Amino acid sequence: MKDKKAKVTKLKLRPESLDEFVGQEKLKKRLKVFVKAARKRGEALDHVLFYGPPGLGKTTLAMLLAREMGSPIKISSGPALVRAGDLAAILTSLKKGSILFIDEIHRLNKVVEETLYSAMEDYVLDIVLGKGPSAKTVRLNLEKFTVIGATTRVSLLGGPMRDRFGYIQQLDFYDDEELAGIVKRTAGFLATEIDKEASIEIAKRARGTPRIANRLLKRVRDYAQVNGDGRISLGEAKKALKMLGVDEMGLSDADRKYLEVIKKEYEGGPVGVDNLAAALTEEVGTIEEVYEPYLMKKGLVKRTRLGRVLV
3 MKDKKAKVTK LKLRPESLDE FVGQEKLKKR LKVFVKAARK RGEALDHVLF YGPPGLGKTT
63 LAMLLAREMG SPIKISSGPA LVRAGDLAAI LTSLKKGSIL FIDEIHRLNK VVEETLYSAM
123 EDYVLDIVLG KGPSAKTVRL NLEKFTVIGA TTRVSLLGGP MRDRFGYIQQ LDFYDDEELA
183 GIVKRTAGFL ATEIDKEASI EIAKRARGTP RIANRLLKRV RDYAQVNGDG RISLGEAKKA
243 LKMLGVDEMG LSDADRKYLE VIKKEYEGGP VGVDNLAAAL TEEVGTIEEV YEPYLMKKGL
303 VKRTRLGRVL V
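Counting along the sequence shown from 1, when you hit position 272 you're at 274 in the numbering used here, and nothing is skipped either side.
For the record, the hints were derived by calculation from the structure and aren't laboratory data.
Bear in mind the structure is a predicted one, so any value in this text is a computation, not a measurement.
Among the hints, erroneous ones may be present.
The list that follows gives simulated cross-link-like pairs (lysine to aspartate or glutamate, EDC-like), each with its CA atoms no further than 20 Å apart [said to hold, decoys possible]:
#1 Lys-186 with Asp-21
#2 Lys-206 with Glu-180
#3 Lys-220 with Glu-250
#4 Lys-198 with Glu-250
#5 Lys-198 with Asp-174
#6 Lys-30 with Glu-145
#7 Lys-76 with Asp-88
#8 Lys-304 with Glu-145
#9 Lys-299 with Asp-255
#10 Lys-299 with Glu-267
#11 Lys-38 with Asp-48
#12 Lys-186 with Asp-224
#13 Lys-30 with Asp-249
#14 Lys-241 with Glu-262
#15 Lys-76 with Glu-45
#16 Lys-186 with Glu-22
#17 Lys-240 with Asp-197
#18 Lys-259 with Asp-231
#19 Lys-34 with Glu-18
#20 Lys-304 with Glu-290
#21 Lys-98 with Glu-145
#22 Lys-220 with Glu-180
#23 Lys-244 with Asp-231
Now the in silico label distances, taken between C-beta atoms and shown as ranges [unchecked claim]:
#24 Gly-287 with Lys-31: 41 to 47 Å
#25 Phe-191 with Ser-136: 38 to 44 Å
#26 Ser-157 with Asp-177: 22 to 28 Å
#27 Glu-267 with Arg-217: 35 to 41 Å
#28 Gly-87 with Asp-177: 41 to 47 Å
#29 Glu-195 with Asp-88: 46 to 52 Å
Quick reminder that beta carbons are idealized off the backbone N, C-alpha and C, glycines included.
I would like the entire structure built from these sequences, with the hints used as guidance.
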């Protein structure tokens, strides 16, 4: 029963329309135009690519576009599509107007990516039967569908793939007011009373990211329930965030260690990302996708030709 309730709550946390989606106002206006135009023509939506740091709502927007278009959606990811056959199985099952959402699309292997080219451009799928001299290619016609890709590393997408997207949209970090609204809304779904000042405090430390704002809210709620009456006041929020190691800039222990390594071990830089990742025992992708976007946004570090440098 508890698992079912938790699942329902998680679903409620997602907005049910573009109008309910908080933030990204310019992007939403564009998407509404694209959707209305496609529906007016009775066509599938053109292929869409969302890029930006994790946690900004790329998956949610894909689901909302499917809802706005009245289209079924299938969800996959770059790492999950290992063979061309994996992709073919999905593509041949799509109905007219369907949406295929591929998260981490930059991680598609070359064979799968090249198979997707003709499917996106011409709505055909070439399948090779057999091997060697006796092999033959069979062309299958596909229903017109939409690929929505999401990536945190758009630079890793090759030109041929990028060129097949009709809409390429960047998601920006959220401002404190937008995040405070998200915190307040989520608290309502969690049946948690929260003061306005507390929601703002959580928003300020959420790194401009809704996913982080919601995660911090849940941990602050835990603290308030254990150490108080469950209501989240500004004081309770500050105490909880201090316990979590999240400072007033939104920096975590891991962020501070990143900055400390550059300062103390490399005298402020420059330092190559590979050396930095080794010192932090992190993957290079984690450094580039999780740590650095926010640190650069706050003006604490910059990337140079020679490596990372403290500002």
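Status of the hints after comparison with the structure:
no. : hint                             : in the structure
1   : Lys-186 with Asp-21              : 17 Å, holds
2   : Lys-206 with Glu-180             : 10 Å, holds
3   : Lys-220 with Glu-250             : 18 Å, holds
4   : Lys-198 with Glu-250             : 17 Å, holds
5   : Lys-198 with Asp-174             : 24 Å, violated
6   : Lys-30 with Glu-145              : 27 Å, violated
7   : Lys-76 with Asp-88               : 13 Å, holds
8   : Lys-304 with Glu-145             : 46 Å, violated
9   : Lys-299 with Asp-255             : 18 Å, holds
10  : Lys-299 with Glu-267             : 23 Å, violated
11  : Lys-38 with Asp-48               : 12 Å, holds
12  : Lys-186 with Asp-224             : 16 Å, holds
13  : Lys-30 with Asp-249              : 32 Å, violated
14  : Lys-241 with Glu-262             : 24 Å, violated
15  : Lys-76 with Glu-45               : 18 Å, holds
16  : Lys-186 with Glu-22              : 14 Å, holds
17  : Lys-240 with Asp-197             : 12 Å, holds
18  : Lys-259 with Asp-231             : 35 Å, violated
19  : Lys-34 with Glu-18               : 14 Å, holds
20  : Lys-304 with Glu-290             : 12 Å, holds
21  : Lys-98 with Glu-145              : 5 Å, holds
22  : Lys-220 with Glu-180             : 18 Å, holds
23  : Lys-244 with Asp-231             : 19 Å, holds
24  : Gly-287 with Lys-31: 41 to 47 Å  : 32 Å, violated
25  : Phe-191 with Ser-136: 38 to 44 Å : 60 Å, violated
26  : Ser-157 with Asp-177: 22 to 28 Å : 26 Å, holds
27  : Glu-267 with Arg-217: 35 to 41 Å : 30 Å, violated
28  : Gly-87 with Asp-177: 41 to 47 Å  : 45 Å, holds
29  : Glu-195 with Asp-88: 46 to 52 Å  : 47 Å, holds
This entry does not satisfy hints 5, 6, 8, 10, 13, 14, 18, 24, 25, 27, going by the numbered hints stated previously.
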